[in-house]
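Following the hints, position chain B against chain A.
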Amino acid sequence: MSDQTSSAWSNPLTVVAEAGVLLLTSGAETSRVEDTMERLAAAFGVPAQAMVMPTALFLHQAGGPTVMQRVRRRGTNLAVVELINAWSRDVAAGRLTLGEFAERLSAVPGYRRYPPLVEVAAAGVAAGLLAMLFGAEGVNLPFALLGGATAQGVRAMLRAHAVSPGVSDFLGAMLAALPALLDAALGLGHGGAVLAGGLMVLVPGVMMTTGVRDGIAGDLLASVSRLLEAAVVAAAVAAGAALPLYLYLLGHGRWPV
Amino acid sequence: MSAVLLAAGSALLFGVVYQCPWRAVLLAGLLAALGWGVYAALAKVAHLMVLPDFAGALAVGALAEVAAVWRRQPVSLFVVPAIIPFVPGYTAYQSMLTLIRGHFVSGLGLALSAVVIAGSLAVGLALATALVRPMLHRRRLRAPLRSR
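Protein chains in written order, with the working numbering: chain A, 1 to 257; chain B, 1 to 148.
Chain A on its own, in the form it takes in the complex:
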């Protein structure tokens, strides 16, 4: 990373492209990535045109070089989107130099506002609340909590080991369904609400909303591919949860709706 930064100092476009990649991999909309990159390039004295897709971005300086960056892995980290947004304002206002900006960017990969354990706990409680919203009662709460925490924990762990999104969501959903099955096996009722609450953690919320926003902004290619990605994730989650549920129904047959 440090090696990339030192070479970046010589070419502002590389720094700008790096900012674009960080935005894109953190869940920013296409128009925001393009807009931010063009503003940054202009502020650094190299007016350029940006073209962003979910899987790659291009930055072309008129009569000058073109930078291309391939993007293979995308995640959700809205803290990074917020940070780069604030910094690019500072750059545009002249409060931040190219060197300082590049240095701050190099610290961004791996940045998180809340540690993984807090994330898992939040996902668990969120699943519990959603399960209650779906009609579950106090008795069912621990099972929904466990389901949500499992979903988030398993998915985060698999993603960290570079397992592809579809597979990690499938396995996350599969394990997240187990507490709900336990709830049903114990005869506590509302197994469905518990199951659905736990699975909500895996809902591709950022992909869906970003896909819609890309569509309105006219970034059709990005919109279609993001919505497709969201559909694939949703299908993987449904399939992952369906497998243990199916086996359970085969064995017991009784399932509280």
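Honestly, the hints are just simulated from the structure, not real lab data.
No false leads were mixed into what you were given.
Residues on chain B that point at chain A, a partial pick, calculated with CB under 8 Å:
# : residue
1 : 16
2 : 17
3 : 18
4 : 20
5 : 74
6 : 77
7 : 87
Here's a subset of chain A near chain B, in silico, CB distances under 8 Å, partners left out:
#  : residue
8  : 28
9  : 32
10 : 76
11 : 85
12 : 192
13 : 196
14 : 205
15 : 206
16 : 210
17 : 212
18 : 216
19 : 238
20 : 242
21 : 246
Heads up, the beta-carbon is just placed ideally off N, CA and C, and yes, glycines get one too.
Structure of chain B alone, referenced to chain A:
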């Protein structure tokens, strides 16, 4: 009332999962509460399937645009966590369960209703952005030097 609190709480916690700054997290919770209020009120009055979801998403989207201009932060920070409670997760689950049991016709019906609800959320968010953003933008053009 308790549903409003549940929606707000879950939006708040999803804000944490998505790593939003805590002020944005609180605002997202507030937006979810207001949006859910709109949703619940309409669901009580008009027993229509799609309209309450659409109106709730419209409210969330419009308020998120205002919050984004006010806080000078990306809209995603507010709109993504706040829309989560509206996602038709339970309907999708019911559809999956019905399909597993081999009741294909009713399973597909439920799947379609989940898709239609998700679509109405999308239209609500889209319309909110398309309507509110130009209004806020015009005001900002009139007073361009209000930098913080």
